[in-house]
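Undergrad: Model the full assembly from the supplied sequences, consistent with the hints where possible.
Heads up: the sequence shown at position 213 corresponds to 213 in the numbering used here, and the numbers run straight through without jumps.
Some clues are possibly wrong.
With beta-carbon atoms standing in for the labels, derived distance ranges [unchecked claim]:
| id | residue 1 | residue 2 | range |
| --- | --- | --- | --- |
| 1 | T119 | K443 | 38 to 48 Å |
| 2 | F156 | E79 | 35 to 45 Å |
| 3 | C234 | D282 | 17 to 27 Å |
| 4 | S165 | T55 | 50 to 60 Å |
| 5 | E218 | S260 | 22 to 32 Å |
| 6 | F156 | K128 | 27 to 37 Å |
| 7 | Q96 | Q272 | 48 to 58 Å |
| 8 | A18 | S185 | 13 to 23 Å |
| 9 | G369 | D276 | 50 to 60 Å |
| 10 | S185 | S249 | 49 to 59 Å |
The calculated lysine-lysine pairs, modelled on DSS-like cross-linking and capped at a C-alpha distance of 25 Å, are [as the list claims (entries may be wrong)]:
| id | residue 1 | residue 2 |
| --- | --- | --- |
| 11 | K174 | K151 |
| 12 | K443 | K368 |
| 13 | K161 | K289 |
| 14 | K262 | K151 |
| 15 | K123 | K161 |
| 16 | K151 | K124 |
Since the hints were made in silico from the structure, they are not lab data.
None of these values were measured; they are calculated from a predicted model.
C-beta atoms are modelled at their ideal positions from N, C-alpha and C, and glycine is treated no differently.
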Amino acid sequence: MEVLNNQLCTKIFCVLPASSSEITYTEDLISAKNCCQRHKLNVVCILENDCLKLTPSKECVFVLTDFDSPLFEFLLSFECKVVGPQCLLNSLKNGQPIPSTAVFNLAMKGIVVTTTGLTMQEKKEAEKKIQFMGGIYTSNLTSSTTHLIAKSVADFGLKFKSARSRAIPIMLPKWIDEVWSARISQEIVHGNDPEYSSYVCPVFQGFFVCASRISIKERKSIKKMVEANGGKYCPQLIEGETNVLITTSSEGEKYLYARSWKIFCLKPEWVQNSLDQGYVCDPERFTVKKITKLPPKCSSSEENKLPVADFHYASINSTIFNNSTKELDETSTNGSTSPLNQLCELQSTEPLECLDLVLSLKAGRFLKGFKIFPSGFDGPQMEKLRRVLKNAGAIQLNAINDESISHVIVGKSVKKDWKQLQHLDIKPHVVTLQWLTRSLQLKAPAPEAEYYPTDFENLSTPNRKKSFFQDTSSELPSVTTNVSLDDVRTTVQYSTLSQKTYVSNF
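TA: Have a look at this one:
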């Protein structure tokens, strides 16, 4: 032990791994030892196990063939200098001082790195390896930054935008790992070598792209381009995962949900332009803007102009969507069968445009306890109505055979429903869609008497003593509600799968 401690005055220790000898020195370690001798420096060889018995001072220099060992951590605790053979050779040949911090090689000399999108642990690991290779890590992107490390560029973050504007290379985290792993083969490499160009961040790295209202051919083309350049294409719009919706129109259910989920809605040209530039283009230039068109005003003066439901001449039954429906046909909104065209054909259901799912989520359960039967609505209309009623706390009935039914909301006329209403002892309120629209604005039940269809005069007015719910006109305060343009939206069908919200195939 005394002999080992006396060697502290030699200053430089070339450390061999356990059970090694001078015969099994690595080429780098031999070169480092010989270089020290040519410079007339005191250098000795020592086994790793013997190093663990030392109490080194800060002036000591230890040359290790690897930093992944218990000895490395042991030596750092004494604040002595620890370097790799290549680092020592470079310092001696160029007449430079030996680094005061641990440096294994100079594979990242002259490189200044910052990161974005990495976890705290990933940042620490990246910083450590960069410094071990003679590079510099900074938390912020500065004028001296040479590289940005990014797991994803999908957030269009400030660091990404700044790096892009200054033509700073954006690299994948694996770049650091690959340069660091080259030490094992004792290759003399540098992070800027052409062989590492494959670790440049792909154009669509981290993007989850969905498409809507484009042709199948164009959809396939976008899928191919996105997936070949680091992104993923998914036919479903998934909350918390999808970050770009490619579309040509500000209409459609995917578009409406994408906006409410803060998902970028971009034109198809964004994909090709990004590939042409070599990085994702600013989304602002390709954003599909929302059409700022006022919905039909749901005023009492217009109510009388709407065709009222006539159960005497109807033959179409209301359609109830199954709650377990999870996907819709991608072509279901095209052509004459789209919900928009159906709404235009049915003036009696125009107030559906005034119903806003997002607003209904904020309005609270103002219809809690109400039992409501929607009559004369087709599939897409029924689904929208079902969502609004559910958010408002109402119970939707699938038939008019429940004596506790409180309201019937009328769309198209249905003869069968009329007959069933005639046989009820306790008559429910029969109202137009405008009653629900006004209730949503008030965040409370609107007075039913103002919204009775005129064709229901032959149906006995609900008995205030017998009916399940009484007219609320005398209880409601005067309320004026302003509905912003952003509140006027149509709703969509979505399903909860694996605790995520999907909007499928539009």
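Undergrad: Determine for every hint whether it applies to the structure shown.
TA: Verification of the supplied hints:
1. T119 <-> K443: 38 to 48 Å: The hint (38 to 48 Å, Cβ to Cβ) holds, given that T119 and K443 are roughly 42 Å apart.
2. F156 <-> E79: 35 to 45 Å: The hint (35 to 45 Å, Cβ to Cβ) holds, given that F156 and E79 are roughly 43 Å apart.
3. C234 <-> D282: 17 to 27 Å: Taking Cβ atoms as reference, C234 and D282 lie about 23 Å apart, which means the hint holds.
4. S165 <-> T55: 50 to 60 Å: Cβ of S165 to Cβ of T55: about 53 Å, so the range 50 to 60 Å holds.
5. E218 <-> S260: 22 to 32 Å: 25 Å, holds
6. F156 <-> K128: 27 to 37 Å: 29 Å, holds
7. Q96 <-> Q272: 48 to 58 Å: 49 Å, holds
8. A18 <-> S185: 13 to 23 Å: 21 Å, holds
9. G369 <-> D276: 50 to 60 Å: 59 Å, holds
10. S185 <-> S249: 49 to 59 Å: With Cβ atoms ~55 Å apart, the hint holds.
11. K174 <-> K151: 9 Å, holds
12. K443 <-> K368: The hint holds at about 11 Å.
13. K161 <-> K289: Holds: K161 and K289 sit about 22 Å apart, inside 25 Å.
14. K262 <-> K151: Given pair K262, K151 holds - Cα atoms ~21 Å apart, limit 25 Å.
15. K123 <-> K161: Answer holds: K123 to K161 is near 20 Å, not above 25 Å.
16. K151 <-> K124: OK: K151 and K124 at ~15 Å, within 25 Å.
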